[in-house]
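**Student:** Chains as they are written, first to last, in this note's numbering: chain A, 1 to 331; chain B, 1 to 331; chain C, 1 to 331; chain D, 1 to 331; chain E, 1 to 331; chain F, 1 to 331.
Check each hint, because a few of them may be wrong.
[Stated by the list, open to error] Beyond 10 Å from chain F on every Cβ pair, some chain A residues (computed):
1. PHE12
2. LEU25
3. LYS46
4. ASP101
5. THR109
6. GLU233
[Claimed, not checked] Simulated crosslink set (BS3-like; lysine-lysine; CA at most 30 Å straight-line):
7. B/LYS310 x B/LYS260
8. E/LYS323 x E/LYS286
9. D/LYS302 x F/LYS137
10. B/LYS36 x E/LYS323
11. E/LYS260 x A/LYS310
Derived by calculation from the structure, the hints in this document are not laboratory data.
For glycine and all other residues, C-beta sits at the position ideal for the given N, C-alpha and C.
Number of protein chains: 6
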Amino acid sequence: MKDIYITDLAGFDEERPFNSFFLVLAKQQRTTKQGKPYLVLSLGDKTGQMEGRVWEPGDPRIAKDFGRGDLVKVRGSVSRFDDRCQVKVEQLRKALEGEADLKDMLPCTTRDIDELWRQLDAAVESIVHPDLKRLLKALLSDASLAKAYREAPAARQLHHAWLGGLLEHVVSLLGLADRVAAHYPLLDRDLLVTGVILHDIGKVHELTWETGFDYSVEGVLLGHIQMGVDLVEKTIAGLPDFPERLRTLVLHMILSHHGKLEFGSPKLPMIPEALALNFVDDFDAKMQAMTSEFERSAREGKAADELTGKVWALDQRQLLNTKAWLSREGK
Amino acid sequence: MKDIYITDLAGFDEERPFNSFFLVLAKQQRTTKQGKPYLVLSLGDKTGQMEGRVWEPGDPRIAKDFGRGDLVKVRGSVSRFDDRCQVKVEQLRKALEGEADLKDMLPCTTRDIDELWRQLDAAVESIVHPDLKRLLKALLSDASLAKAYREAPAARQLHHAWLGGLLEHVVSLLGLADRVAAHYPLLDRDLLVTGVILHDIGKVHELTWETGFDYSVEGVLLGHIQMGVDLVEKTIAGLPDFPERLRTLVLHMILSHHGKLEFGSPKLPMIPEALALNFVDDFDAKMQAMTSEFERSAREGKAADELTGKVWALDQRQLLNTKAWLSREGK
Amino acid sequence: MKDIYITDLAGFDEERPFNSFFLVLAKQQRTTKQGKPYLVLSLGDKTGQMEGRVWEPGDPRIAKDFGRGDLVKVRGSVSRFDDRCQVKVEQLRKALEGEADLKDMLPCTTRDIDELWRQLDAAVESIVHPDLKRLLKALLSDASLAKAYREAPAARQLHHAWLGGLLEHVVSLLGLADRVAAHYPLLDRDLLVTGVILHDIGKVHELTWETGFDYSVEGVLLGHIQMGVDLVEKTIAGLPDFPERLRTLVLHMILSHHGKLEFGSPKLPMIPEALALNFVDDFDAKMQAMTSEFERSAREGKAADELTGKVWALDQRQLLNTKAWLSREGK
Amino acid sequence: MKDIYITDLAGFDEERPFNSFFLVLAKQQRTTKQGKPYLVLSLGDKTGQMEGRVWEPGDPRIAKDFGRGDLVKVRGSVSRFDDRCQVKVEQLRKALEGEADLKDMLPCTTRDIDELWRQLDAAVESIVHPDLKRLLKALLSDASLAKAYREAPAARQLHHAWLGGLLEHVVSLLGLADRVAAHYPLLDRDLLVTGVILHDIGKVHELTWETGFDYSVEGVLLGHIQMGVDLVEKTIAGLPDFPERLRTLVLHMILSHHGKLEFGSPKLPMIPEALALNFVDDFDAKMQAMTSEFERSAREGKAADELTGKVWALDQRQLLNTKAWLSREGK
Amino acid sequence: MKDIYITDLAGFDEERPFNSFFLVLAKQQRTTKQGKPYLVLSLGDKTGQMEGRVWEPGDPRIAKDFGRGDLVKVRGSVSRFDDRCQVKVEQLRKALEGEADLKDMLPCTTRDIDELWRQLDAAVESIVHPDLKRLLKALLSDASLAKAYREAPAARQLHHAWLGGLLEHVVSLLGLADRVAAHYPLLDRDLLVTGVILHDIGKVHELTWETGFDYSVEGVLLGHIQMGVDLVEKTIAGLPDFPERLRTLVLHMILSHHGKLEFGSPKLPMIPEALALNFVDDFDAKMQAMTSEFERSAREGKAADELTGKVWALDQRQLLNTKAWLSREGK
Amino acid sequence: MKDIYITDLAGFDEERPFNSFFLVLAKQQRTTKQGKPYLVLSLGDKTGQMEGRVWEPGDPRIAKDFGRGDLVKVRGSVSRFDDRCQVKVEQLRKALEGEADLKDMLPCTTRDIDELWRQLDAAVESIVHPDLKRLLKALLSDASLAKAYREAPAARQLHHAWLGGLLEHVVSLLGLADRVAAHYPLLDRDLLVTGVILHDIGKVHELTWETGFDYSVEGVLLGHIQMGVDLVEKTIAGLPDFPERLRTLVLHMILSHHGKLEFGSPKLPMIPEALALNFVDDFDAKMQAMTSEFERSAREGKAADELTGKVWALDQRQLLNTKAWLSREGK
């Protein structure tokens, strides 16, 4: 069990030895001025990451066979330089099966994943259109896909960049889509719900999260839109008599959900449900980015009625937390 | 009472005389090749507009004192050239008070304006925050402003370009905003509802609709964003002890509701409610534009499963009516 | 057999009756001022198109069952209005099987399609990499796909907009790609050749050409990039042990061949062969556009040393035919 | 009186104690590795700013009640790390009333503010149009507004970013506008002069300068264009019988003076005076930016005939000082 | 002598014969339905242009040897179709030397060209820097260049599109540049004046105006910036000991005077005089465009307080004539 | 002779003295905290650059008369701080004539420059058109121009940024242009080859490379396009009876070879050869940039099947080395 986290280390005295498990995010060999090799590591867990140095890589207490993506047990101490901390590693070995849990190593949703999955499942059950329902059921009944859907982050860095982020984002969209569909009779609710569940499904192949959040080579070359379309097409091909036009519309929603060519969608939304999907997706991502910024701003010690810094993901605008600001009127 | 409309005229035999009331949308004097003056008119009513010619403007049966914006009674007949129709005007006089109704002369919402107004009123009543409520009540209790709010179109040409269009758009937004606010705890529902009601209020001064839909000179020079801010500021100035910060947020929502500088908003949305207002406003306008395109496409005799033409207001994309298309699968 | 073409009609005397076969490009019913229905047709063949009118659609000599895309036999005469001509249709029936040939009805490449196909075939044979070769062979051995590949235009309006245009464009690219691959050792020639043959293959489903050049509804909603990727993926799925990485690269080349997101490619070219494919494709299309403009300019009677008009497909620039201009130096 | 400035400190020996007054630009509490709190300050005066550290914030000689924006008396010494300097603070208390002068703490115009104000006043007196004159007199006779107008910088970072910068910029524009108005009979000189004086007046509320140059929260949410319009509208509302059209034009000039939507003006200049205002404003700002760059380049020890570095405020272009360069011809 | 102008023809009775001189702006041969050739002409003079038809080109009274750019004497009459007029040409011959004056055939400045030239000359004389003065004198002493400089329009369609327009524009700029140089000590007045005189000098080769305003083929391929640089370089090459740095600055001003790469300047203005030249040039062109629009609006019968239509050359904005609008306040 | 290079220094022990020759890339005087002046140098050779410090500039063993661009002999030792190295200079004098070679000091093509020059020469000889041939011969027979053409880099930082880079780029283009011209009969091969040889010739004046790669002041103010046009024009002016139209086309190719206004070409390519020149130039630069990235990626120790980092010169895309990636399939 892991009981010492990266964020704890910052408060440790220098020279005080500790033991803990970390995920190896990067490993490089360098050479000192005297020509002696040493290792530069990046060690992480769900609370952050820290540099590590192995000054004696030849020491028998340092494993030879570990690398990026491995869970390791480390014995070492903290040194400080200016305001930055570094782990001086004295012993290091790969974690044994079951000794450490990947969930402790990467940022993770604060929501209950089982509960989110039940909500996704309920949305599938609520669909009336039989072809859309059997398409979703066929997809989500694939155990390895379902596992990945539960784990995947929604992005490497921007919104919902944590384990379970994709599912959390989709469940939020399901609620929003239901409300929007109820407001506009023009919208086919079942089709919109299907689009919400499938629009980012390619991310389970585009992103990798076992060794820190990154893109797979295939993900960079093809992208989650194409990968999602491929997954859905293959599933439809296995469903007898799936209506051709319905297939076209489902694929069109995935292809067009970024809303503009320059955002990587090769098609603009041309049906009401695709337009709605683009709007709810974009809006939910921006609302989540706002929420995250307010949290970060609070963590960094800003007063509740200060503007945030310029937010890269929102065109460099600053943000203001309405409720906090109003509550301080006159103070 | 008006019983002959522009759209009826297209079916009339040439030379068959008729009488009806129209709105004069334009009036120009020109000269024939023989140097004789004649008048070129544009006559309109709620179903469309048609060119008219007065070949004998000196005839005592042709009024001298009419101009753009006047309701007139016309006696004339239809002539045709190629596929276009023209009214040959033989008699023309200004309509007497009460003889004709402006509502027949301009396109008008199909919704019941009194009912829409009741919904707007109910939204105001539903607001809990006392300052926002008294601001809205102060504004809407101004009789001439309320009258204009009920009549104004939302635009000259794009979405909701008909009498009552502004109110119809706002009421649709109120429903949508309520749903969105219920989904995101970050949103202050009262502030968002206030933004919805006030965001386009400057249009009651920017647009003119008595003589066809157009922009006032002041509207072109200042714009409805500035005009709306001005109206709200003046109203707030008359409310004792209105909180300064609340005033700033309300004005910020109006200023930023177009979402981008290049769309004429001098500020980007920086608070959650301004972001939400921009999204629901843009989305509702595009949903309405889609609906209008499908109606137009049907009117022009396209089959329900054909794509529309390229839609200027939606970046030249073509549109497809999902439900119609799916219902013809396999036909 | 067809012996009278649209371009011939312009020289005919009014009232002189003629018989010929045409393709119906459009058919609309309208109503005269007296309320009598009539038909407005657009009739075409490979030399152009002309409006037609059927003033007596109820006449038993006018077929009832024809529509857009039908080959018809017409008896009529030419009338003129200003400088435009119109066919007055007196008799019309659908062509019998074999009476008329689609090739006469649409613009067609001037090259020998069998010869072009042999060149394509030779390119496939020249490929050394066994997996790429079996992929191409599997695809092109599908008879209906091969037939479509031989017939399809490369576009509705821009470059190579004629029957056989896709094949003609690909064969030109094959020659150019071979030269470019020989120049850069970094390039894998087999992969580049494969990209050339497959990059636009989705156009066989995106475009329709039986009834004039147009886009299918599926083509508009999904696009030829996605349709081509789908076709190739399905074919690969049927090939045992096709290498995963090779599959990714082939799909990446199709996805990225437009070179920029705003041109509808969801990915930028990231491998040398994809970069080369984008360049040769773009360059060949622009060279063909230049050639077509010089031909059009000559047809319109411009002197060889005049600039062409502003060319829409080339950013509104004017063009000059180097050789013609230089040959007139000093004249 | 202040006799030691930030720029002097760089030359001081380490450990040498000194006393001086500074403005607190930022104050943050952090914790050392041993868990002991310490303070990180940013101390500034008109010559620049330097980091400071209070290692013993509990020491009775360190005031508890100071913060951002306070003038403080500091006793400390300089330490150096690499090439950067830091103030080690040993004593700190808030300055007494009159002990220190804000003018010493922030960069300030080198021009005589009273003289600049006289020139502004003369421009107001020179206006012939009675309504414009009384508008300007009403505004500038507000003592607190006039004080702010005299003090405000024109920007936080770009052109004229110093106390009195707004006034200096406006006075330069007045001279330029007079010359331009004399050249073009189309221009109404009084209206243009009015536009020059009022175009940036909202900056007195948008910017704050007591505690270093920054934007107020209201300034960020509303912007100086809106704040200036508001100020002018309120003043006009208090002037009996102010002509409605004149009001519209004055507001239009303020709204449109940035010249483009994407620069934050919600309206393009549509009257000759607004066009002229946009040009002189933009040109004067760029001339000032050029002058500042040449001064900075000289300060940084570049030769007079070298190009400056790439200038961010001028689209990354480099600049050359014509006169200096020419005077070295042949050297 | 010419006494009948294009604008007069619109008022003529049909069939009434007239004689006058015109400039042939275009000539094309077409063929009637009966296969008979006829000529389509575009005839122009300084008041406008009109289509002409020669129905009997074989008639001995119709010259064979005329073409685009010839002055011709025409006998014909006016016919009308709908609201457009056409000249039916019955006789046509080339004008004899001296019978007609090119000045009557193209729009021309209303200013006295000799007086404008004297002002240009005075500006050259006022230059103190000896090298700049001898450069300008060398250029303008070339008789054919001086003749072209006096005649050339400043553009084909946009601002100053009339004979003498280039000179008129430059003389306006000279006055404005003098005022601006007097305001900014940073500016070298002689260099700025030189830039004003030379910036558009390439237009004397880029444009042709003998046969209507058009671009030469060389002008389209090289552009007036390059042509002007070439002219100035060749002149400098003939001046012994012209300082190298001064040459670079003069060329830089010509190259950069459009102010942005996307406006065809390959360099941004990097010296104060180039920045100033870009501003005065752009501003004067826009002021002239405004003036022209107000004149056109008046000619088209709009009231002085109406907005103009959307102006293409000014980003589609509408314009308002300040003085006219204010003078009608309250009417 | 130089036997110790910058890249060697990184492996040296601290304090170990060494001697070597370097190029001075920058020299600045600074002052220590005690007020003692010292020198900060940037020393370079063809393998890279390193900071140097002269702590005792007054020492007689330190030359006084050296500066940027000088070759110097240095005696010193390496010190390290964190992971960066610095040269502590103890002795320094300017290199004597012949002691050191500029070729050792700057990155240089790996190709044999004499062989490249022979290929350029052969291309000139292969030209059939006599006027183009004598133009190229006249230019390249200028000994100082030819020397510069052999030495010049093609850019400061982007593609081919090494001595001989311009020539290497041109020779690659000659091969590619020959292949392209053979493919398109529309292209005049001689004109295209001439364009290839001349398009970047202005770089011999725009860039300086004696003291590290930089732009001359004239180069920044005028640019290599204008400088190349000037060089070619002057050469043509010295060739009797050079055809005017041919001159225009050659200049047009140079002017337009960047392909877009926003890339600094004042004209778009309007003739087939200019279009081809733009394509081959752009494509060759990008292929070279890809090659360099793969080399850098390998140097930085990335595995052959990893993506490179985001490449600034290629719109921030990542790249993948096809052959390396495929060869690892399944590993």
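**Student:** Could you check the structure against the hints above and give me the numbers of any it violates, in ascending order?
**Tutor:** As far as the earlier hints go, 9 and 10 are violated by this structure, in ascending order.
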